[in-house]
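Number of protein chains: 2
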Amino acid sequence: MAKVKKQPRPKAETPKGFRDYFGAEVTERAAMLDAIAGVYHRYGFEALESSAVETVEALGKFLPDVDRPNEGVFAWQEADEEGRGDWLALRYDLTAPLARVYAQHRNELPTPYRRFAMGPVWRNEKPGPGRFRQFYQCDADTVGAPSVAADAEICAMLADVLEEVGIPRGDYLIRVNNRKVLNGVLEAMGLEDEAQKDAVLRTIDKFDKVGEAGVRELLGKGRLDASGAYIDGVGLASDQAEPVVAFLTSKGDDSAATLANLRAAVGSSAMGAEGVDELGEIADLLAAQGYGPDRIVIDPSVVRGLGYYTGPVFEAELTFEITDEKGRPRQFGSVAGGGRYDDLVKRFTGQAVPATGVSIGVDRLLAALRATGRVGGQAEGPVVVTVMDRAKMAEYQKMVAELRQAGIRAEVYLGNPKNFGNQLKYADRRGSPAAVIAGSEEFERGVVQIKDLILGAEIAENATLEEWKERPSQFEAPRGELVARVQEILAGVRK
Amino acid sequence: MAKVKKQPRPKAETPKGFRDYFGAEVTERAAMLDAIAGVYHRYGFEALESSAVETVEALGKFLPDVDRPNEGVFAWQEADEEGRGDWLALRYDLTAPLARVYAQHRNELPTPYRRFAMGPVWRNEKPGPGRFRQFYQCDADTVGAPSVAADAEICAMLADVLEEVGIPRGDYLIRVNNRKVLNGVLEAMGLEDEAQKDAVLRTIDKFDKVGEAGVRELLGKGRLDASGAYIDGVGLASDQAEPVVAFLTSKGDDSAATLANLRAAVGSSAMGAEGVDELGEIADLLAAQGYGPDRIVIDPSVVRGLGYYTGPVFEAELTFEITDEKGRPRQFGSVAGGGRYDDLVKRFTGQAVPATGVSIGVDRLLAALRATGRVGGQAEGPVVVTVMDRAKMAEYQKMVAELRQAGIRAEVYLGNPKNFGNQLKYADRRGSPAAVIAGSEEFERGVVQIKDLILGAEIAENATLEEWKERPSQFEAPRGELVARVQEILAGVRK
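Chains A and B, in that order, are what the protein sequence lines are.
Heads up: the first sequence begins at 1 in UniProt numbering, then just goes up one per residue.
Heads up: the second sequence begins at 1 in UniProt numbering, then just goes up one per residue.
Treat each hint with caution, since some may be false.
Remember, identical chains collapse to one label, so a pair may be satisfied in a single copy or spanning two.
[Stated by the list, open to error] Mimicking DSS-like on lysine-lysine, the simulated pairs with C-alpha atoms at most 25 Å apart in a straight line are:
#, residue 1, residue 2
1, K326, K418
2, K346, K16
3, K418, K221
4, K251, K197
5, K418, K209
6, K126, K418
7, K126, K16
8, K11, K346
9, K346, K418
10, K126, K392
No wet-lab data here; the hints were simulated from the structure.
No experiment lies behind these values; they were computed from the predicted model shown.
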C-alpha cells in the first residue's frame, strides 16, 4: 500500500528580490515622505494615488499583441469569459501612470495640473545585493505648463525639500542643463547621420571617465583604454569635434560665464540658442527668489536621460562625503532628478501636452539621512509593565492605561510571565526606556518598582528579581506617582 | 500595395475594478491612518511593511501544483532559466503576510510580537458598483500572546482608535463574543454529525433575519419563507434546539447577566464554560481600565468568521444613523472586526502560535467620517498669483516665495496667461482663498490687488480685469504688505 505523502510545509520566505521593512524603517520613511509632501503641498501640488495595477497597453512598454510581455514589469493576463482578457501589470514608475491619469481625467482636472505622488513601484529585474524589485518613488510633476517657469519652480521646490528633510544648505547642489543645448551642439557640428549622432552622445556620456583629452581621441581616431584594448573613434576631424569639447568644458565661475561659453558652443544653431536662453531664464527666475549658485547651478555635465527629455533637465546631488563599504571616502551622489518631457500624454490623446517633473530616490535620500545621523538612532521603545502575579492583570492594565493617557508609549508583558528574566530581556529587545515591577508585596504597600533602563547598563542574561532591585537604576515610588516618575525618566531628569 | 496599418492609440483607462484617488481623498485617508498609527504605537505596536508580492505557496490559498491559481488573487509565474519559476501573487490581506513574516523572522522578533500594518491589498474578484479590486486595510495583531489579556487590549485599543479619528463615545460600540461559547452550545446539544453541526451554524447566522421563532422553526421541521418557499428544517426536537435559542437570546442588561445566561446555555460543556470564563475575564480587564459597556459590551450575536477564529471575536459598529442612497435612514454598521486565531504560523513551522488581531475597514471608516462631516469640507486651495505681464515672471515668483516662506500655500499661474478670465477660473477650480493681481501699473506704484475669493461670490465666466477690480471683495495693498493682508484673509479677519 502506498503511503499517503504528507504535504510539505510552505517556505516562509519573501519572493526573490523582495523584502520586509520593520519598525523604524517604516516610520522614518513615512516621516520623510510626510515632510516632502508638506513642501509639495505648499507649492500648490495636489496628491494623487493612482492604481498600482495598469493595463500593459496604458503603460506602453510592451506591444499588446505578444503572448506574454517581455521582462521589465510584472504582468499577467486577465481571465475573461473567453479565457483571454487584458494584460495587466504593476506600475514600474509614477510617470507613466500620471500620463494615463491626465489623459483619462483631463476634463475634470485643472490645467496646469500640479500633482505629487508617492508609493511603491515594481520592476521585474534580476535581483542583486541591495537591488530590490519593489521600492518607493516620490514624484512631483506639472502637466500643461509650457514655460520654463515651471521647470524653475521644480528646482526651487527640490532645494526646499532637501532642506526640509534635513540636508543643510551647502551639503547639496541642484545642477541644471538643457537637452536643447546638446541638440544645438550636434547641429553646430553639422552631423546628419543618426548613427554618428548616437556615437557622439555615447562619447559625451564618457566625459566623466576619460576627461577632455579622452573625449577628443574618441571623437577622432580612437583611443587605447586602460585595459589595453583599442576603442574605435567616431572619426570626426578635430575642428568638427570642437563644439562638443567646448560644450563639455563650458562650466564657468558663474552662470553668466557658463551661459556665454554655451552660447559659443552652439554656434549658429537656433535650437541651441533657445536652450541657452531657457537656461538663462531659469537662472534669472531662481536668482529673483533667492536661490543662488550655492543651491542651484547651471551645469553642462548633467546628461541624464539623454533620449527621454525634451528641454531642461536637473539633478540633485549630495556633496558631502560618506565612507563606503570598503572604508573609502566618496561623495554621496545623486538623490533626485528630472526634467521636461512633452510627449507623455500625446500617446493617448494625440495632442502634445507639455510636462516637467522630478523624482526623488526615496531609499537613497533616506540612506543619506541615516548615514549622516539625521534620522535613526534609538527608536523609542515602550515602557514595559512586567507581570509578577497573573491574577493582578487588571492592575497592570490599569497602569499602562494611565501611562498611555499621559501620552507615554506603554504595554503590559503578554508573554508567559513565569521566567522574570525573559520579561526583562523582552524589555531590552524592545528598547524600553523603563520597566515597571509590582508583586504582591508592592501591591500591599501601594508602591511600584521602576527600573530606569536608559540609565541602567545592558540587561544581564539571568538576573533574579532580587539582583535587579539592588541596582541603583531601580527605585521605588508610590503607586500614585507612577506616571510622574516615568515622565522624569523619559525627560532625562534622573540622569 | 497593403497600407501600413496605423498603431491605434492606447486607451487611457484604469483596469476594470481599479480607480485613482485625488487630492483630499488621498490626504484625508493618510491623516486618518496617521492618527490610527499613533494609537497603535502608543500601545507598543511596531510598524511592519511587508512585501506586496508573496509566493502563492506562502499565501497558502492555492495548491502549488495547479497550472494557474484559481480566482481570488492576482497571480503570475516567474520566468526562471528553465522558463518555469515560482508562482507569485499580490497579497489579498495583511494577515497571511504577517504569518509568513513571523515564521521567517521569529528569531529576530520579540515575543510577543505586536505589529501594525497598513496598505493596499488586492482581490481578483468580479468588480461591481463600489466594489474595487484594490483597497486599503489597517491591521494590528499580537502574535505569541496566549492570554485573553491580549484580546482585551485589542478591544480597548480599537475604542481609542475610533475616538482618536473623531467618532465620539456613544456613536460606536465594540461587541465581543467567543467562538468557544458557540462550540460549547453545539456540545451541549449533543450533536455528533458534522453536516448537522453546519446546518445549525447556518441557522444561527439567520437569527438577525428570521428572529427567535424563525430559528425555532428552522431548527425543527422547517419554515415557509417570505417568498412562499418552504425551507427544510434541521430536524431537531424542540428541547434539543433549546441551547441554541438560549444562546441567541442570552444578551442581558449587563455583562454579569449575559454571562450567566451564556453559562446556562452551554450547560455542562467544558469548552463552553472556558469560553464564558474568558469573556468574563475580558469584561473584568476592560472594566478595570474604565472601558464600560457604553464602549465595549459582551454580545452573543457577534458571529463573524464562524469557521476561522478559535477564541474571542469582536466587531466595532457605528451606531449613528446615516441616510442611504434611497433617502432612508439606516445604521452605519460595522467598521472593524477581528479575533483570536491560533493556527496561522503553524502552517510554516509546525508549532501552534497564539495570535489575535483586528482589521479596520479603512474606506468604510473614512466614509463614516465624511458622512458625519468629521473630515472633508473644502480642501485648502493655494493662493494663486496671476500673471498679467509675462516679462515680470520673476516678480510673481518672488511673491509666491514670500507667501510660502510664511507657510502659506501659494503658486504662480503657469498656464497660458493670455486670457485673464481663465486664470480666475483656474483659481476657482483650485478652491483658492485669494488671488493676487499685479500689472505694469501696480508694479510702477508698488502695490498689488488682492482678490478675497472666500468673501467673493462665484467667479463670473467672462469677467474683465476692470469688472474684477470694482468688486468690493478686491482691494489694493502696498506690495510690502502682501503676506500680511493674505494672512488676514486666511484668518477670516476681513470677514
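Taking the hints in turn, this is what the structure says about them:
{"no.": "1", "hint": "K326 - K418", "in the structure": "neither (47 Å within a copy, 58 Å between copies)"}
{"no.": "2", "hint": "K346 - K16", "in the structure": "between (36 Å within a copy, 23 Å between copies)"}
{"no.": "3", "hint": "K418 - K221", "in the structure": "neither (81 Å within a copy, 53 Å between copies)"}
{"no.": "4", "hint": "K251 - K197", "in the structure": "within (23 Å within a copy, 83 Å between copies)"}
{"no.": "5", "hint": "K418 - K209", "in the structure": "neither (65 Å within a copy, 47 Å between copies)"}
{"no.": "6", "hint": "K126 - K418", "in the structure": "neither (48 Å within a copy, 51 Å between copies)"}
{"no.": "7", "hint": "K126 - K16", "in the structure": "within (9 Å within a copy, 30 Å between copies)"}
{"no.": "8", "hint": "K11 - K346", "in the structure": "between (46 Å within a copy, 12 Å between copies)"}
{"no.": "9", "hint": "K346 - K418", "in the structure": "between (68 Å within a copy, 24 Å between copies)"}
{"no.": "10", "hint": "K126 - K392", "in the structure": "neither (55 Å within a copy, 51 Å between copies)"}
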